[in-house]
Amino acid sequence: ETGVTQTPRHLVMGMTNKKSLKCEQHLGHNAMYWYKQSAKKPLELMFVYNFKEQTENNSVPSRFSPECPNSSHLFLHLHTLQPEDSALYLCASSQDWLAGANEQFFGPGTRLTVL
Amino acid sequence: DQQVKQNSPSLSVQEGRISILNCDYTNSMFDYFLWYKKYPAEGPTFLISISSIKDKNEDGRFTVFLNKSAKHLSLHIVPSQPGDSAVYFCAASEGGNEKLTFGTGTRLTIIP
Chain L
1 ETGVTQTPRH
11 LVMGMTNKKS
21 LKCEQHLGHN
31 AMYWYKQSAK
41 KPLELMFVYN
51 FKEQTENNSV
61 PSRFSPECPN
71 SSHLFLHLHT
81 LQPEDSALYL
91 CASSQDWLAG
101 ANEQFFGPGT
111 RLTVL
Chain R
1001 DQQVKQNSPS
1011 LSVQEGRISI
1021 LNCDYTNSMF
1031 DYFLWYKKYP
1041 AEGPTFLISI
1051 SSIKDKNEDG
1061 RFTVFLNKSA
1071 KHLSLHIVPS
1081 QPGDSAVYFC
1091 AASEGGNEKL
1101 TFGTGTRLTI
1111 IP
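Chains as they are written, first to last, in the working numbering: chain L, 1 to 115; chain R, 1001 to 1112.
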């Protein structure tokens, strides 16, 4: 596998379910990101991890819980979501959060539908 | 309030002609700008960037122009090719950090 991979690609869940999104980067990067893209809205940054430490939480509700066990893996744990949380969730990575504005490499995203 | 705006949701251009995609921003602290391209079922891919110390950056068929006084940037693609059909996102950051603020995107369709 190369680049940034995300699983699953599609997920349908009920409001009482608990599920997790997984992201893995094979680029040797040290910063990883979760973004949310809702219909007709810009990509919204949710969380940033730099060297496994969370450096940014963009006022995201606690029903979204990120986990970064190492620099290559990032999870987004989901519980008691609302229908308005239905969106495309994108993971990205970059060399280093503090190294200056470098391009971020994105995964293909997980299309989440909350019923 | 959106700090990065792409006011044209879609654009159609004849193959071989120039495509011009526009982006406006409101935050005067933004000092680094990027363009990303997105195909269906794929994540955005980096295309080209420009620092606020420059007013132009060129990479092959792609050129980005920055007008700081107008808080406006544009992406020129010439000549346009069918493979350029995609959604293009403008993004900006401030202070050299990697927190990107994105626009809503412009869907470019190249007509053969």
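Calculated directly from the structure, the hints in this document are not laboratory data. For each residue, glycine too, the CB sits at the ideal point set by N, CA and C. Some hints could be false.
Claimed, not checked - Calculated cross-link-like contacts (lysine-lysine; reagent style DSSO-like; alpha-carbon spacing at most 30 Å):
#1 K52/L / K1068/R
#2 K41/L / K1068/R
#3 K18/L / K1099/R
#4 K1099/R / K41/L
#5 K40/L / K1005/R
#6 K1068/R / K40/L
Claimed, not checked - Chain L residues, not near chain R, derived (Cβ > 12 Å throughout):
#7 G3
#8 N58
#9 R63
What the hints assert, rightly or not - Residues from chain R that keep clear of chain L, each with C-beta distances beyond 10 Å, as calculated:
#10 L1034
#11 S1049
#12 F1062
#13 K1099
#14 T1101
#15 G1103
Hint-by-hint comparison with the structure:
no.	hint	in the structure
1	K52/L / K1068/R	violated (36 Å)
2	K41/L / K1068/R	holds (25 Å)
3	K18/L / K1099/R	holds (28 Å)
4	K1099/R / K41/L	holds (17 Å)
5	K40/L / K1005/R	holds (12 Å)
6	K1068/R / K40/L	holds (27 Å)
7	G3	violated (9 Å)
8	N58	violated (8 Å)
9	R63	holds (22 Å)
10	L1034	violated (6 Å)
11	S1049	violated (7 Å)
12	F1062	holds (14 Å)
13	K1099	violated (6 Å)
14	T1101	violated (8 Å)
15	G1103	violated (6 Å)
Hints 1, 7, 8, 10, 11, 13, 14 and 15 from the earlier list are contradicted by this structure; the remaining hints agree with it.
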